[in-house]
Amino acid sequence: AQSVTQLDSQVPVFEEAPVELRCNYSSSVSVYLFWYVQYPNQGLQLLLKYLSGSTLVKGINGFEAEFNKSQTSFHLRKPSVHISDTAEYFCAVSKSGGFKTIFGAGTRLFVKA
Amino acid sequence: DSGVTQTPKHLITATGQRVTLRCSPRSGDLSVYWYQQSLDQGLQFLIQYYNGEERAKGNILERFSAQQFPDLHSELNLSSLELGDSALYFCASSVGTSEHYEQYFGPGTRLTVT
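Just so you know, the protein sequences line up as chains A and B, in that order.
Under my numbering, the first residue of the first sequence carries the number 5, and numbering increases by one thereafter.
Under my numbering, the first residue of the second sequence carries the number 358, and numbering increases by one thereafter.
If you are wondering where the hints come from, they were derived from the structure by calculation, not from laboratory data.
There may be inaccurate statements among the hints.
As the list claims (entries may be wrong) - Capping the alpha-carbon separation at 27 Å, the derived lysine-lysine pairs in DSSO-like fashion look like this:
no., chain 1, residue 1, chain 2, residue 2
1, A, Lys53, A, Lys99
2, A, Lys73, A, Lys53
3, B, Lys414, A, Lys53
4, B, Lys366, A, Lys99
5, A, Lys116, A, Lys62
6, A, Lys116, A, Lys73
7, A, Lys104, B, Lys414
8, A, Lys104, A, Lys73
9, A, Lys99, A, Lys73
10, B, Lys366, A, Lys104
11, B, Lys366, B, Lys414
12, A, Lys62, A, Lys104
What the hints assert, rightly or not - Which bits of chain B does chain A cover? Going by a derived footprint, with three or more residues having C-beta under 8 Å, they are:
no., region
13, 364 to 374
14, 430 to 440
Think of the CB as a built atom: it goes at the ideal place given N, C-alpha and C, for glycine as much as any other residue.
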């Protein structure tokens, strides 16, 4: 069975600093990987996804993630964060034929001025 | 705005009661998913429907049931409510059943059981 581990529950960072949110997954088959963001009092929205091809995936709002098959990781990065990036970020994994997407526990990113 | 609508936005009810949460997917989306989000359990997948048929089941309790209607809207029914059912319930939709389709989430229904 597949699972997702987000290694940090909270990440505080200063404005304009770089950030990396870590995600590891476990699955014995090829997977599809997603990062979603949840702003306060809102539903989740997709930041980016990896289906196949290039391991570096670019998403909205300046975020990018790198798929590393050997390390079974899909870390999310942004070179310079803004206050408005304060939100909860969810890593998710699904697999072909699996019908359901498994979400990680979430990482709360807190950007300080 | 994701295009997914959920009603009501907030619901306060007592233990033992029954409630119905409603979801309208984005125009053209055939799949509907239900999730429960709570502080202790995180985001839990409950159930998925595709074009009226149940497609996948997650950690859904027997007290909970769902259906998708011919117009593709979906309802989640929660019965014999317990304090622990207090949570944010999200509906999401996607174009098809394939796992590589992204899901579009509604704003959620906050259920409080007292």
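Evaluated hints:
no. : hint                   : in the structure
1   : Lys53/A with Lys99/A   : holds, 13 Å
2   : Lys73/A with Lys53/A   : holds, 15 Å
3   : Lys414/B with Lys53/A  : holds, 23 Å
4   : Lys366/B with Lys99/A  : violated, 32 Å
5   : Lys116/A with Lys62/A  : holds, 24 Å
6   : Lys116/A with Lys73/A  : violated, 33 Å
7   : Lys104/A with Lys414/B : holds, 8 Å
8   : Lys104/A with Lys73/A  : holds, 21 Å
9   : Lys99/A with Lys73/A   : holds, 14 Å
10  : Lys366/B with Lys104/A : holds, 25 Å
11  : Lys366/B with Lys414/B : holds, 24 Å
12  : Lys62/A with Lys104/A  : holds, 24 Å
13  : 364 to 374             : violated (count 0)
14  : 430 to 440             : violated (count 0)
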